Every structure is written in C-alpha cells, then in structure tokens.
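Participant: Residues per chain, in single letters:
There are 2 protein chains.
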Amino acid sequence: MRIAVDAMGGDKAPQEIVKGSVLAAQQVPDAEIILVGDENRIKHELNLIRTTPKNITIRHAPQIVGMDDPATHSIRKKINSSITRSVELLAKGEADALVSAGHTGATVAAATLHLRTLKGVRRPGIAISLPTRYGTCMVIDAGANISCKPLHLYQYGVMASTVSKHLFNIENPKVGLLNIGEEEAKGNELVRETFSLLSNSHLNFVGNIESREIFDDKANVVVCDGFVGNVILKFAEGMAKSIFVTIKTESMSSFWTKFGMFLCKPIFRSLKAKMDFAEYGGVPLLGVNGICIICHGRSDAKAIQNAIKAALKLSKTKVNEHIVSELEKSNTLTAEVA
Amino acid sequence: MRIAVDAMGGDKAPQEIVKGSVLAAQQVPDAEIILVGDENRIKHELNLIRTTPKNITIRHAPQIVGMDDPATHSIRKKINSSITRSVELLAKGEADALVSAGHTGATVAAATLHLRTLKGVRRPGIAISLPTRYGTCMVIDAGANISCKPLHLYQYGVMASTVSKHLFNIENPKVGLLNIGEEEAKGNELVRETFSLLSNSHLNFVGNIESREIFDDKANVVVCDGFVGNVILKFAEGMAKSIFVTIKTESMSSFWTKFGMFLCKPIFRSLKAKMDFAEYGGVPLLGVNGICIICHGRSDAKAIQNAIKAALKLSKTKVNEHIVSELEKSNTLTAEVA
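The listed protein sequences derive, respectively, from chains A and B.
Residue 315 in this note's numbering sits at position 315 of the first sequence; the count goes up by one each step and never skips.
Residue 265 in this note's numbering sits at position 265 of the second sequence; the count goes up by one each step and never skips.
Keep in mind the hints are simulated off the structure, nothing from the lab.
Given the structure is predicted, the values throughout are model-derived calculations rather than measurements.
Any given hint could turn out to be false.
Copies of the same chain are indistinguishable here, so a pair counts whether it falls within one copy or spans any two.
Unchecked claim - Only pairs whose alpha carbons sit at most 20 Å apart, straight line, appear in this in silico EDC-like list of lysine to aspartate or glutamate: (1) 274 <-> 237; (2) 318 <-> 217; (3) 274 <-> 250; (4) 186 <-> 69; (5) 241 <-> 217; (6) 248 <-> 217; (7) 309 <-> 276; (8) 186 <-> 68; (9) 234 <-> 183; (10) 265 <-> 11; (11) 19 <-> 276; (12) 248 <-> 216; (13) 234 <-> 184; (14) 234 <-> 182; (15) 318 <-> 39; (16) 218 <-> 183; (17) 265 <-> 250; (18) 149 <-> 189; (19) 241 <-> 300; (20) 218 <-> 32; (21) 12 <-> 39; (22) 272 <-> 328; (23) 272 <-> 183; (24) 241 <-> 276; (25) 272 <-> 237; (26) 119 <-> 326; (27) 19 <-> 32.
Modelling step: build the complete structure from the supplied sequences, incorporating the hints.
Facilitator: So, in structure tokens, the structure goes:
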C-alpha cells in the first residue's frame with residue numbers, strides 16, 4: 001500500500017508532516033510513504049529526526065499552494081505544487097491513497113480534476129465524524145461543494161452510508177437530512193427536494209434531522225450542503241475550545257475548584273481526546289476516484305500519523321468499489337432526476 | 001408599559017407561562033401583563049398559584065397553534081389563536097410588546113402580517129445572543145427568513161448593530177459576515193454580494209467571520225441566512241447538552257472524579273447559567289413594527305419572566321425608532337440595490 005503525503009501542506013509543514021510520516025512508516029512497515037514536496041526541505045527535516053525509515057521516499061515538487069491562493073488558480077498555475085504532484089501520483093497509479101493538510105479547496109479541485117469522480121458520482125463531498133455520546137455522527141458535506149443540488153445531497157447519503165457500513169460496521173446506517181424542523185414541509189427548496197429523493201431511495205432514511213439531534217442517536221449519517229456543513233465543523237471546534245478555556249479559567253478562581261479540576265483531569269483528557277481532530281487524523285473526500293484524506297490545517301505529527309492510518313484502512317476496505325455498486329442500485333431514481 | 005403574553009404557546013403552556021407572568025408582574029409592578037389564551041385554563045392556573053397580581057389581565061383566545069401546524073395556514077385559519085390575538089393587541093396599540101414561546105414560524109408570520117415591517121425593512125430577522133468568553137455575540141437571522149437576499153442580510157447587520165449599541169451599550173459594534181473562509185472571494189453568491197454591500201456601508205464591517213470565530217472577540221454581530229443561523233442555534237444547544245451529560249456521566253466512574261466534580265460545581269453552575277436560554281428568556285424578532293420576543297418552546301416560568309423583562313427593556317430603549325433612523329442613513333446604498 002503506497003500513500004502519497006503532501007509534505008508542504010498545513011500550518012506546521014514540512015516539520016510535523018515529515019515527523020508524522022516517519023512515525024506512521026515505523027508503525028506500519030509494509031506501507032510505503034511517498035513524501036511529496038521540496039526535496040531539500042524534506043531531507044533537512046529527515047536529518048533533524050536522524051532516521052529515515054526504508055519505506056519512506058521523496059518526490060520533488062518545488063511549488064507550494066498558499067492558504068490565500070484561490071483553489072482553481074492554484075491548480076492551473078502551480079502545476080508543480082506538492083498538492084497537484086501528490087494527486088498525480090494517485091492518478092498515474094503510483095500511489096494508492098493521498099494525505100494532505102494543505103489548502104482544502106485546492107486539494108478538492110486537484111483531486112476532482114486529475115482523479116475524476118467515481119462512476120455515477122456528480123460531486124465529491126467531505127465526510128466528517130462528529131463525536132457524540134453514542135459514538136460518532138457522520139456529516140457530509142463539510143465544504144467541498146457549496147452549490148449543492150438535491151442529487152448531490154442524495155449521493156452524499158449513499159456514499160456516507162456505504163462508508164459507515166464498511167468502515168464502521170454499522171449494519172443498516174440511519175441516514176438523516178439536516179433541516180430546521182422535523183416536518184417534511186420544512187426548509188428551503190434544496191432540502192425539500194432532497195427529502196423526496198431520499199424518501200424514495202433504498203437507504204435507511206430517517207427523515208429530517210435538526211442540528212441539535214446530531215448529538216442524539218437519531219442518525220449515523222446526516223447530509224447537508226457544503227456551506228452549512230463547513231459552518232457546523234468550525235462552529236463545533238470554536239465552541240469546544242470556548243467551553244474548555246472557560247472551565248480552565250474559572251477553575252483558577254479558588255483553591256477548591258483548582259483541586260477539584262485536578263481530580264477531574266482524567267474526564268477532561270478523555271473528553272478532549274474524543275473531540276480532538278488529531279485523533280481522527282483526517283477526513284475522507286468521498287466520490288473521487290482514489291482515496292483522499294484531508295487533514296486540518298493545524299495538523300501535527302500525531303494527526304498526520306493517524307491520517308495515514310485512516311488512508312490505509314479506507315484503501316483496504318475497498319470503499320470506492322462499494323460506493324460505485326451502491327450508486328448503481330439507485331440508477332433508476334437518479335436517472336429520473338438527471 | 002403593557003406586555004401581551006401568549007399564554008398557550010410552548011411545551012409547558014399554559015402552566016409555566018402563567019407562573020412566569022405572575023413572577024414578572026410581582027417584580028415589575030408598573031408593567032401591565034395581558035395573558036392571551038383560553039380564559040378558563042388561564043384562570044385555573046392562576047387559582048393554582050393562589051395569587052393574581054392586579055397588573056395581570058386576561059384576553060380570551062380559544063384557539064391554539066400546534067407545533068405541527070404550517071405557519072401560514074395557522075395564521076389564516078386560526079384567527080382566534082393566542083398568537084394572532086397577542087399580535088393584534090400590539091397592532092391596535094393595546095399592548096407595547098409581545099412575548100411568545102409558541103410556534104416560531106406562526107409568530108413571525110402573524111407579526112409580519114399584522115404589525116408590518118418597520119419603514120425601510122424588507123424582512124424581519126431573529127437575533128440570538130451566543131455566549132462567549134468575551135460576553136455575547138449576536139447572530140442574525142436564526143430562522144425567520146430562509147430565503148435571504150443580500151439586502152436582507154445587510155439590513156440584519158444594521159438592525160443588530162443598532163440593538164448592540166442601544167441595548168448593550170457597545171459604542172461602534174463590529175459587524176461580521178458568516179462565511180466559510182476569511183477571504184473576500186470565499187463563499188456562495190449570497191455572501192459574496194452581501195460582502196460588497198456591507199463593505200460600502202456606514203457600519204463597522206470587519207469582513208468575513210468563520211463560525212469558529214463567533215467565540216472570539218472578532219465581531220459583536222454576525223449576519224447569516226436564517227437556515228444557517230437556525231442550524232447554529234440548535235447545534236450549540238445540542239453540543240452543550242452533549243458535553244455536559246458526558247462530563248457528568250464520566251465523573252461517576254470513580255470516587256475521586258465524583259469528589260472532584262463536587263468541588264467544581266460552582267464552575268459548571270456559572271457555565272450552565274451562561275449557556276442557558278432561560279437566563280436570556282427570549283430573543284427579539286427585529287424589523288417588525290413592534291417589540292416581539294420569541295422564546296424557546298421549552299421555556300419555563302423563569303424563561304418567561306426574563307423574556308418579559310427583556311421586552312420591557314427593548315421597549316424602553318425605543319430600539320425600533322433607532323433602527324428606522326439607522327436604515328435611513330443607508331438609503332442611497334439600498335436604493336441602488338433595490
């Protein structure tokens with residue numbers, strides 16, 4: 001199994017990306033990791049770590065896509081960027097999966113352009129797993145597609161349901177539609193039309209889901225357009241941070257609360273771990289013809305290590321083949337809409 | 001000051017609504033509270049409390065708008081509902097403000113129909129105040145308008161900025177636009193066009209705000225369309241509940257964590273109070289020609305009591321007059337768009 005890692009993508013690149021790749025290479029010796037980026041800078045980082053596992057190789061790519069570069073511009077103009085070169089390795093069959101903590105928009109655009117979408121898929125979508133008391137709830141799309149049509153949302157339901165089944169072993173995943181009320185008539189045109197598509201599908205559709213219900217056990221998969229999903233993802237991050245910082249600050253107010261917080265440390269450690277993106281490593285871009293794991297821009301070595309392991313797992317479960325066959329099942333339905 | 005309270009609206013109506021109204025009436029003796037709803041049921045509740053303050057009166061309205069009733073249907077067919085009758089009291093000048101924990105859609109529809117919008121306002125919007133480490137951040141719209149146009153969002157900015165200034169005494173409120181990236185070119189057509197309107201306005205516009213930044217001190221007001229705002233509101237509620245339940249459950253795992261949690265009780269009490277909607281009571285529906293406070297469906301007596309106090313405060317600050325004059329300032333700009 002060969003994983004292309006975008007060594008120049010992310011706030012802590014190349015340092016943490018190289019470190020995480022080395023950790024993963026040591027942990028999974030039968031995986032081959034290809035670090036894509038500026039050769040000298042990657043070599044420099046490897047020298048600092050003082051170990052280069054045999055299953056790590058380098059592919060030179062001198063250009064970097066900055067976080068301010070527009071996505072389409074970057075893939076057109078920077079053809080020697082680490083993102084584009086990584087995607088090309090997948091497209092040429094020289095790698096089986098890809099991990100990037102770089103510019104999300106550019107990664108989505110490069111993957112869509114060079115890998116193309118899976119047979120039958122209209123638009124790729126990013127699937128995030130939000131931690132709940134009952135495990136996780138997969139929300140799709142988290143920002144790949146901000147001009148969603150009902151068919152896109154419907155296909156997100158099929159794709160995420162397939163991933164839930166084959167990656168998380170959920171027998172018949174419950175699929176919900178994010179809406180601002182439970183009643184069928186609620187919401188804007190997009191969600192009302194999607195409701196009808198999902199109702200008539202072979203999926204285990206449980207109807208509209210209000211955003212507060214993401215944390216209940218009502219659905220394993222919740223579909224929404226990429227703007228809303230991205231807002232949810234970042235809101236969850238901001239709110240978790242805000243709550244934890246407030247608890248920490250307020251606990252400093254007296255000796256007893258300080259002592260109480262000391263005793264409660266194990267609780268907060270486990271809660272933080274549950275909510276920490278580094279634990280998940282990255283999230284899959286579903287619908288492109290290849291395994292792509294997108295990481296948080298602030299990814300550290302641990303996040304990259306876990307992302308590489310997630311990429312390996314997705315590759316092994318042959319999730320894309322399952323997605324294509326699931327989409328074929330709903331051919332009649334989608335043919336009517338298309 | 002006369003407040004019409006929809007006694008039949010909400011999951012705990014009429015019991016908690018009547019209780020909360022009595023508490024408010026006792027606390028603010030110079031306010032007159034008009035309980036609107038089924039006279040016999042209201043009298044029954046008042047008898048149970050065994051006290052009817054002199055500043056409480058009853059207006060009979062036999063019909064109830066159910067949570068499953070479509071908003072437009074309910075205001076057309078149920079003309080004797082407690083919501084419609086409450087709004088009518090405002091429209092006729094027999095009340096100065098209105099409080100309802102009933103069907104939000106029906107309240108918005110009834111208020112828009114009977115009170116009309118303020119001079120210059122295209123669509124009313126619900127302004128919620130999310131608690132942050134720095135105070136609160138006002139997000140508008142939280143669900144009154146799910147077919148937003150750039151001009152609506154722009155006007156939400158003007159209205160919420162005015163409320164921040166006159167109710168929260170913020171000198172020059174920072175207004176942000178909710179988007180999925182900080183760069184001007186980010187987001188869908190709606191936000192890109194709104195960005196241009198806000199940039200050219202007299203508001204203290206601070207640009208795009210990512211949802212995680214709602215919790216920072218970047219903006220006092222964040223505008224977004226009603227679908228996204230409603231998703232945020234309910235997501236925050238679900239996530240807060242999920243975190244607190246998880247902390248409570250995990251603290252039960254050992255004697256020491258249980259003891260630690262006992263010591264930390266003051267922290268969680270203050271944090272919960274900050275995040276508890278009952279503390280705020282209700283949120284204003286801005287842009288209609290009258291003071292309307294919309295409460296959570298699960299409102300208890302304390303929430304209703306606080307909502308009545310919020311209504312009194314908004315009435316006293318003459319916020320609607322200020323909104324009209326602020327909108328007039330931007331006449332040239334909006335005339336170009338309209």
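Participant: Which earlier hints can't be squared with this structure?
Facilitator: 2, 10, 15, 20, 22, 23
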